[in-house]
Amino acid sequence: MSVPWRLWIVVQTALAWYITAFGLQPGLGGLWWPVAGLWAAVAWASFGLSVWAAGSLIVLGVLIDFMTEAPIGAWPLALLSAYGVALVAWDRSPPMPMIAAELVAVFGGMVAAGLALAAAGSVAGQTGFSRDGLLYDFLLTAALYPAVRFILIPASIRGARR
Amino acid sequence: MAWYGRRRSGEPRVGARAAVVGLGLAMIGVLAIQTSSTVRQGIDIPRRSMDGATASVARFSSGVAGWSIGFGRDKESAARIAELEAEVRDLMRWKDLSETMAIRMERYERLLDLVGETQGQAVMARVVVESDGPFEASLIANAGAANGVREGFAAINERGLVGRVQRVGEYTSRILLVTDFDSRIPVMGSVSQDRALLVGDRAFGARLLEPETPEKIVAGEMWVTSGDDGQTAQGIPVGRARLVEGAWRVDLALTQGVIDFIRLSPPPDFAKPELAPTLGEAASPNTDRSLVSSAPPPTTTSPPRATPAPAAAPTPGRATGGQGGER
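Protein sequence lines correspond, in order, to chains A and B.
Okay, so the first sequence: first residue is 1 according to this note's numbering, each after it adds one.
Okay, so the second sequence: first residue is 163 according to this note's numbering, each after it adds one.
Among the clues, some could well be false.
Far from chain B, some chain A residues (derived; all Cβ distances over 12 Å) [what the hints assert, rightly or not]:
(1) 100
(2) 125
(3) 139
(4) 149
Short derived list, chain B residues pointing at chain A, Cβ under 10 Å [to be verified]:
(5) 175
(6) 200
(7) 203
(8) 208
(9) 212
(10) 267
(11) 272
(12) 273
(13) 275
(14) 294
(15) 302
(16) 314
(17) 328
(18) 343
(19) 352
Away from chain A, derived, C-beta distances all over 10 Å, residues of chain B [claimed, not checked]:
(20) 186
(21) 205
(22) 209
(23) 246
(24) 250
(25) 263
(26) 266
(27) 297
These are computed hints drawn from the structure, not numbers from a lab.
The C-beta atom is built at its ideal place from N, Cα and C for all residues, glycine as well.
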């Protein structure tokens, strides 16, 4: 991965962190809010396997852990799991149609992230795990993905994958 | 393209794969070592700093959102400001009244020789972060150790109990909401006087655990803090009881509106039992004569009475911030 793309990933990491922090304002706690890290995990997988992207996801995950009082490592593991599933999905495209690969990447990534969060809570000895809020946040993330993908995935990749 | 050409060439990236898998395994290791309380305490130090950073970012975002949402709404804002000013004037009248009542109550307690729950100085704060993640429901308020806030302070707003201070930074404090799984608050029914433990439940808000006499609980009655843990003052409203599928849930007062301003109140200042003198150490045992009220007082000196830890003199500020104002 070239240096400009690495920098672009750093910028996207910062944006994802800011979007997460924006959703922590008083009054927004009960509302659905997208998990920006999942957009990043799915979109960055379209570039192929990258240690830089994985590292950025871990940094973003740790920041989310601190902000949401999650056990340290829970969100990095979730984002890495989503990244892994998305990599497998993108790897099948072509011959798999791009839209099918993206659907698998988004929804498969969410399932993987949800399972990873639940497992992380168990490993770290958390008392409970709230699924409801997370489910709605994931749904909103999926609903907004078609718009966000145009920013996150470069046009050249979208063209090459077609 | 340079950034995915190698993948397209079909060359397996064994090293990269191993690195990513290794990172994932490392995360599992990091999670596993957090079962140790020592490690958790160590992590609390950076968490304190991060609370401050999170609060700063959220405040900045709030400012941006406030500017963009409030743009072009001058008339509505002016009307709202006028309404709030009228409300403040009305509340000032109530404040005066409550101060007078608090002073009178203090005198009555002294006359009755009643050991009341003395209350320390409360701190008003604004909520700057509201986190409702899968693992914890908490708030960050913009008052911390520098403002006199300590761990264990109760967070209360105009509707009732919000939570308890879990961690304190220099200028921020993280409050564990009563809806959180880890929240445990001893409560009692205002009508039934039944006592139970209020346990947070993210799906329902909260539930009553181990009520002493569940058959006495009245549906819709207000539940308040019992103060049995010595951490929370008695009588702070929590919510109304509701029977759901044979179990008592509580419709929490805090969920009835947005939580913006909160009062961080210290635990009641009880006298420590170990400070009380041992019985019989300074006084002779009672006799038939000494127990008769008309009898002359015994010649021996009476033992010093166990008194609560000194509390500050009642001031108008304290009166409004104390328990008297809460009821």
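Which of the numbered hints are not met once you compare them with the structure shown?
Numbers 2, 6, 7, 10, 11, 12, 13, 16, 19, 20, 21, 22 and 27, in rising order.
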